[in-house]
Amino acid sequence: MSNSRSDVSDPLRPADHADTPAPDTAIAQPRLGVVGWLRWGWRQLTSMRTALVLLLLLAIAAIPGSIVPQRSADPNGVTQWRTDNPDLFPVLDALQLFDVYTSAWFSAIYILLFISLIGCVIPRTRHHWSALQARPPRTPARLARLDDHAEAVVELPEGADAAAAAAEAIDAAQIQLKKAGYRVERYDARDVASVSAERGYLRETGNLVFHGALVGVLLAVGIGGGLTYTGQTVITEDDSFVNSLGLGYTSFNPGRFVDTGSLPPYTLTLDRFDVSYTPLGEAGQGQAGDFAAHLTVREPEGEPRDGVVRVNHPLDVAGDRIYLMGNGYAPTVTVRDPEGDVVFSESVPFLPQDANMTSQGVIKIADGLDEQLGLVGFFYPTAATMQSGAVTSAFGDLLNPLMTLWVYAGDLGIDDGTPRSVYTLDPDGMTQVAGGDSGVESLELAPGQTVDLPGGRGTITFEDETASGAVESVKRYVSLSVHRDVGAPWVLAFATLAVLGLLAALFVPRRRLWVKATPEGSTLRVEYAGLARGEDPAIRGAVADLARDHAAALARLAPAGAAAVAPGVAPGTRP
Amino acid sequence: MLDTGLSMDAVSVVLVWTAVAVYTLAFIAYTIDLARRSDLAIKAKDAAGARVLVGVGGGGLAGGVAERGPDALEVAPSQRPRYLWARIGTSLTVLGFLFHVAADVLRGIAAGRVPWSNMYEFALTGTMLVVAVYLVVLFRYDLRFLGSFLTGLVIVLLGGAALAYYVEVVPLADPLKSVWLVIHVFVASLATAVFALAFALSVLQLMQARRERLTVAASGDADGAAVAKTGPGFLRTLPGADALESLAYRFAIVGFILWTFTLIAGSIWANDAWGRYWGFDTKEVWTFVIWTLYAGYIHARATRGWRGTRSAWLSIIGFSAVIFNFTIVNQFFKGLHVYSGLS
Ligand code: HEM
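If you're matching them up, the sequences are chains A and B in order. Here the first sequence is numbered in my numbering, starting from 1 and rising by one per residue. Here the second sequence is numbered in my numbering, starting from 1001 and rising by one per residue.
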């Protein structure tokens, strides 16, 4: 589309760019020294073909990470994969297929790509800088040779000065082009006048901004990642979270440069958790929605304030963003010893197992009884009995709440300091005294009920919260995720810059236009021509518009000398 | 269904099938058009006899209209060749489109939200945009030769979605309640529609390039002695491979910009919903792969030795990845983007 003559104001392109003339392979290659080889290697790395191949490699290399579970996105999936394929696992693991996006091979590809990118962009930027200062090039001798060209013949009035008329006509063209945003330069010679115009430097600027912004995105992601932290916590209604590593978090992942000792000091109290369920009998029945955690936020300065966390609407507190990740029920359980003294009273978060909130939880009573007790419980917000006789939950809301418990007695295995998950019970070293194969029915409680623990071990109560003024009989909890990501705004800024650059790089036409006026006897021959520099679907129209508007301008200048467009070379018509 | 007789959603489904039926008629008309163009091309060639080529920028290839320059596609509607069956095809496409729009709007009203929140609705809206983009582009470029291809694609996708992906209207899950659903998914569908046009043009470009190669090879042989088979005859009435390529490129870059925007909008949404803007979730991976493939295509077009046939293959691979992303990844790959609505 564009020709391959290159001059200063042309953008610099790698040697294998489609618009760069192919090197003459007939010339014998000089022998290469070390420097020669290095230069050769660098030229290979910064060539279009290398960029292209690396881009395609990057696309291919990203695919395995969507097929094999990734430790970063789906750690449980990786564990499951290992269980399912014990033989294959070590092989894939050695190939870093569970950490594709941090693997050596994936990193190698994108690092090479970005080195290539920088190596490509820097010389182009330097070149473009001087091109911005250059003047539009000399008017070619034969405009008619260009693909996009038009011609008009103007009759001059009797006795007019042809050279002056030519200069005057080009003056008009120059004004017109300048108004249209072209950079113009006059090239008048004896009686022939011409103007050379160029526009669309913004195209190359956009290209450079785009590629540069990609580097910016990469840097912002890399540096930002080191300053980012995420932490998870669970808060039950009426309970609080303290933003401190030792106190508040169930898990915490800081980036490399995060000072974990100086987290902003604030506390969050969960006042209420709202959720609504689509009623039975409607489309999508049982579906939960409109989740909202109502919090009270207390910062060292200022009054406590209310804050709400919803899905898609995190809460900003002291530079952290707080996300709602999950929710569930936290039945309050009180255990009394045979004398009736309270040895345990807590709201225990139960983990939801299905869409109807059948939930599982573990209660550990370490002190106060003769033997340690471990209780594994199921909670059903709407208990229903299946045909098999098993209990299940038929709805997520509290229509018919029921808790069933298996009881284990013995050693919980927590005294030696080994960390144990609060959500699981290791029955090793314990005997089951209720439920399962123990011969004793599992315990069943509705809110407000109390039953005896087997073997005269005391009693257990499932507290009804409405007794203490709450709206619902069972407390709820939320799991929240606390994030700080200082890099994200930068990533967004660079990404936006990239889009703007891309728009300019792809849609700003870069072209040259020329207008030349040649006196021929009693007439003036005016030629118009255009040359696209790169993709420019509108070049033909631009030449036609130029010719038309210029003819109109000439007609205004000298109404007598009616501009007659020569037959056969009428500017192309546009739809 | 509900007890209110025919619900709005049920009417929408009827309209979907009506649209599919009308598109099928359009497809038939467009196909007849291509077949007749083959005849016309052969007759024109016979009639032309020894007449000299009149086309502009022909590059010296033997043949007929196909050697017109890149601007040959930019013809005002009133000045286009009067292919009767193509006109019938376009009229039917417009009619089918009206049913399609009605179906989409009714589904949206029935659901009380934008109709692109699960795979069925995404396919419904996405195919509607394919047709819309095609019809809009027709005002500027005479692309009626793509008609049978695009109506065929829409029939398969829309009919397939209505059969395999249909789900009843249910309330939106919380994570989908976001302005970004409206923006991100809509722009993604629009990008897909534009990529579809680029894809169709790239396929034709490959066919045309093959024909041009074979024609050159044949003209090297003894005069007309070997009447080589150079592909479907209608290709002769189409612009040359270069022109098809440059038009495919124009659509691909528009699609690329929209896709870039989709990627960014998706990241902003992910940052609100999941607390991170990027996590290489399966769907994110595929969005990235597609983006990189099209960046590769754009580079290929600018690389010596890759312009032409090779870059066309990249456009085809890119669009295949788009379709793969929508169908296979949505249904069978595990990830956070669970919005297919299928169980
Ligand atoms: C992260 C990797 C890269 C991506 C995503 C990328 C993407 C793009 C895109 C979208 C364009 C089209 C916009 C335009 O024409 O200005 C483009 C053009 C271009 N890129 Fe890259 N690029 C990458 C790396 C590179 C590298 C390493 C080089 C150097 C060899 C390079 C050289 C060019 C050139 C010369 C053009 C202009 C092509 C033309 O004349 O049409 N790019 N790139």
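I should point out that these hints are in silico values taken from the structure, not numbers from a laboratory. Incorrect hints may appear among the rest.
Unchecked claim - Listed next, with one range per pair, are the computed distances between beta-carbon atoms:
1) Val-1182/B to Thr-496/A: 18 to 24 Å
2) Val-1182/B to Asp-259/A: 36 to 42 Å
3) Arg-135/A to Gln-1079/B: 39 to 45 Å
4) Phe-252/A to Thr-1309/B: 51 to 57 Å
5) Ser-1320/B to Ala-108/A: 24 to 30 Å
6) Lys-178/A to Pro-1077/B: 45 to 51 Å
7) Glu-1168/B to Ala-390/A: 49 to 55 Å
8) Thr-466/A to Val-1170/B: 28 to 34 Å
Every value quoted in this text rests on a predicted model; they were computed, and no experiment measured them. Just so it is clear, CB atoms sit at the ideal spot from N, CA and C, and this is done for glycine as well.
For this session: Tell me, in ascending order, the numbers of any earlier hints that this structure violates.
Result: Numbers 6 and 7, in rising order.
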